[in-house]
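Which chain is which? The protein sequence lines are Y and B, in order.
Just so we're aligned: the first sequence equals residues 1 to 265 in our numbering.
Just so we're aligned: the second sequence equals residues 266 to 549 in our numbering.
One or more hints might be untrue.
What the hints assert, rightly or not - With a straight-line cut-off of 16 Å between C-alpha atoms, the simulated EDC-like cross-links for lysine to aspartate or glutamate are:
#, chain 1, residue 1, chain 2, residue 2
1, B, K322, B, E284
2, B, K412, B, D363
3, B, K505, B, D521
4, B, K412, Y, E172
5, B, K487, B, E508
6, B, K449, B, E438
7, B, K270, B, E303
8, B, K322, Y, D217
9, B, K322, Y, D245
10, Y, K237, B, E387
11, Y, K198, Y, D216
12, B, K462, B, E508
13, B, K412, Y, E173
14, Y, K235, B, E387
15, B, K302, B, E283
16, Y, K19, Y, D245
17, B, K322, Y, D216
18, B, K270, B, E288
19, B, K487, B, D363
20, B, K462, B, E303
Said to hold, decoys possible - Covered, in the sense of this in silico footprint (three residues per stretch, anywhere, with C-beta under 8 Å from a C-beta of chain B), are these stretches of chain Y:
#, region
21, 155–166
22, 222–229
I should point out that these hints are in silico values taken from the structure, not numbers from a laboratory.
It should be emphasised that the depicted structure is a prediction, and the values quoted were computed from it without experimental measurement.
We put the CB at the ideal spot given by N, CA and C, even for glycine.
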Amino acid sequence: MLRDITIGQYYPADSVIHKLDPRVKLFGTLIYVISLFCIKGVVGFVVATFFMAGMIALSKVPFKFMVKGLKPIMILMLITALFNLFLTPGDVLVSFWVLEITKEGVQNAVLMTIRLIYLILGTSVMTLTTTPNQLTDGLEKSLRPLNKIKVPVHAIAMMMSIALRFIPILIEETDKIMKAQMARGADFENGNMLKRIKNMIPLLVPLFVSAFRRADDLAMAMEARCYSGGAGRTKMKPLTYVKRDYIAYAVIIVYLLLSLLCGRI
Amino acid sequence: MNIIKARQLVHEYIRRDEEGNVESIQTALNHVDIDVKEGQFIAILGHNGSGKSTFAKHINALLSPTEGSLWVDGKDVADEENILAVRQTAGMVFQNPDNQIIASVVEEDVGFGPENIGVPTETIWTRVADSLRSVGMLKYRNHSPNKLSGGQKQRVAIAGVMAMEPKCIVLDEPTAMLDPNGRKEVLRAVRELNQKKGITIILITHYMEEVVDADYVYVMDKGEVVMKGTPREIFSQVGKLKEHHLDVPQVTLLADILRQSGINVPLGVLTREELVEAIMRIAG
Chain Y
1 MLRDITIGQY YPADSVIHKL DPRVKLFGTL IYVISLFCIK GVVGFVVATF FMAGMIALSK
61 VPFKFMVKGL KPIMILMLIT ALFNLFLTPG DVLVSFWVLE ITKEGVQNAV LMTIRLIYLI
121 LGTSVMTLTT TPNQLTDGLE KSLRPLNKIK VPVHAIAMMM SIALRFIPIL IEETDKIMKA
181 QMARGADFEN GNMLKRIKNM IPLLVPLFVS AFRRADDLAM AMEARCYSGG AGRTKMKPLT
241 YVKRDYIAYA VIIVYLLLSL LCGRI
Chain B
266 MNIIKARQLV HEYIRRDEEG NVESIQTALN HVDIDVKEGQ FIAILGHNGS GKSTFAKHIN
326 ALLSPTEGSL WVDGKDVADE ENILAVRQTA GMVFQNPDNQ IIASVVEEDV GFGPENIGVP
386 TETIWTRVAD SLRSVGMLKY RNHSPNKLSG GQKQRVAIAG VMAMEPKCIV LDEPTAMLDP
446 NGRKEVLRAV RELNQKKGIT IILITHYMEE VVDADYVYVM DKGEVVMKGT PREIFSQVGK
506 LKEHHLDVPQ VTLLADILRQ SGINVPLGVL TREELVEAIM RIAG
């Protein structure tokens, strides 16, 4: 059951968006998210909608797949909408008991909901078309300037990619330990929240011990293969910009200008 | 030339208490002399705690000697400056296949070693393809290591070492966590590397069957080399091996029992075919 969890929900397909350099995608997503929170009017949202729809169409990822990502945040969206609806001061439209619905409240609620939906859809275009490894590579290269202020960018990227590699292994291990404990009468399914958390302790202790042992082994294996940090390293799959990446940058900039111009209308 | 030369090698694990006083000293290697010629297939046998893994880690400069010296391809491992060169000359494959694969795609993992030593990108690609081919894993190059069997993972690990073009590969109980099929796969790959590419192999194990094909065998117990010789010489001393908590292959054991009960089979029978032949000869 635990093995079904996948992190980094990559959807393999052969599309322009898939082939783009991860740095372009990171940059584009960042611009898109910022623009969403600057836009205030209908025309702005029309621009954002066209941009997003275009990206989704280009990515060849079925729309159904994208919508799946919205499910887990349904409740969050509902709560945000309700808070906005009832707690925004302004012209009162309807009021009953202590609750008041204002004109501004309705506006804010609709705006916020659209923003959140667009935010999730937009970012999932990136996560669905980029493998976790490409993402870490992209992050490493884009954040390289931070090296100058002594941020260990390479080490952080290496840690992220190793963490991604070990997630399935640790999940499998958790499953194994869980079964071993259940065979000896441990109970992970019944009881209230507090009791269930308490019951997790015999699961977590061996899991931690084995994770540390693995880390130790892995460090030794890396050293044995001459790993000595980022300096002097070459890349098997270096990131290089090609023509389509420059075009993509241009498209993103155009979008940014458009959304700034039309944002207020 | 000897690619590996150990002289009076001593390693002590020193345990210290919180104040830094020595609590206990455990001698894992006790004046070990081992010589390995280039292109040989060497096996080091030993029971748990015999010091065989400690020795392996010295060859890769993961541990440094307390006393004595060890030269790998003429380079002293105790010298800090030689560490990277030593690790490039002598690659190492560990016991647990999961804990030595770094990347989440097979080919990227094989490329990890060459990346570390600064090989140019195009050369990395040819090296990765060559080394995956040499262990028969080329068609899995785009797979996730999590979906491979134990034997396949271990072959990927061997390819990862191969891609650094070492002269010598040390395998520290590479088959201990594998099923019999995986074990055969890995050993076949190792033997091929030795015969086709002339890579020196140092196989550390406690499975007797794996040792039969080696050129030379060292038996270790309690940090000392207690026996050395060709597999045939070693396996003809069934009693002595037993003293060191080691079993001989079943065929050898059977031959030994037959000898003791007065049937004239030769000493140190290694394979089933040899035994059959010997018995046929006696039977006429």
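Hints, verified against the model:
This hinted pair does not check out: B:K322 and B:E284 have alpha carbons roughly 28 Å apart, beyond 16 Å. Under the criterion of a C-alpha separation no larger than 16 Å, the hint pairing B:K412 with B:D363 is consistent with the structure, at around 11 Å. Pair hint B:K505 plus B:D521 holds up; C-alpha atoms about 13 Å apart against a cutoff of 16 Å. For the hint pairing B:K412 with Y:E172, the CA-to-CA distance comes to about 12 Å; that is within 16 Å, so the pair holds.
With a CA separation close to 12 Å, the supplied pair B:K487 and B:E508 stays within the 16 Å bound. Of the supplied pair hints, the one linking B:K449 and B:E438 holds, its CA atoms being roughly 13 Å apart against a limit of 16 Å. Proximity of B:K270 to B:E303 is assessed by CA-CA distance (about 11 Å); at most 16 Å being required, the pair is judged to hold. Restraint check: the Cα-Cα separation between B:K322 and Y:D217 comes to about 12 Å, which is no more than 16 Å; the hinted pair holds.
Taking the CA atoms of B:K322 and Y:D245, the gap is near 46 Å; set against the 16 Å cutoff, the hint is violated. For the given pair, Y:K237 sits about 10 Å from B:E387 by alpha-carbon distance, which is consistent with the 16 Å threshold. For the proposed pair Y:K198 and Y:D216, the alpha carbon gap of about 28 Å is over 16 Å, so the pair is violated. Restraint check for B:K462 and B:E508: the C-alpha separation of about 37 Å exceeds 16 Å, so the hint is violated.
Taking the CA atoms of B:K412 and Y:E173, the gap is about 15 Å. The hint holds against a cut of 16 Å. Restraint check for Y:K235 and B:E387: satisfied, since their Cα atoms lie roughly 10 Å apart, inside the 16 Å limit. For the given pair, B:K302 sits about 44 Å from B:E283 by alpha-carbon distance, which is inconsistent with the 16 Å threshold. Between Y:K19 and Y:D245 the alpha-carbon distance is near 9 Å, which keeps this suggested pair within the 16 Å criterion.
Restraint check for B:K322 and Y:D216: satisfied, since their Cα atoms lie roughly 14 Å apart, inside the 16 Å limit. Straight-line distance between C-alpha atoms of B:K270 and B:E288 comes to about 32 Å, which puts the hinted pair past the 16 Å bound. For the hint pairing B:K487 with B:D363, the CA-to-CA distance comes to about 29 Å; that exceeds 16 Å, so the pair is violated. Taking the CA atoms of B:K462 and B:E303, the gap is about 12 Å. The hint holds against a cut of 16 Å.
Only residues whose beta carbon comes within less than 8 Å of a beta carbon in chain B count, and the region 155–166 of chain Y has 4; three or more means the coverage holds. With 7 residues having a beta carbon nearer than 8 Å to a beta carbon of chain B, the region 222–229 of chain Y meets the requirement of three or more and the stated coverage holds.
The earlier numbered hints that this structure contradicts are 1, 9, 11, 12, 15, 18 and 19.
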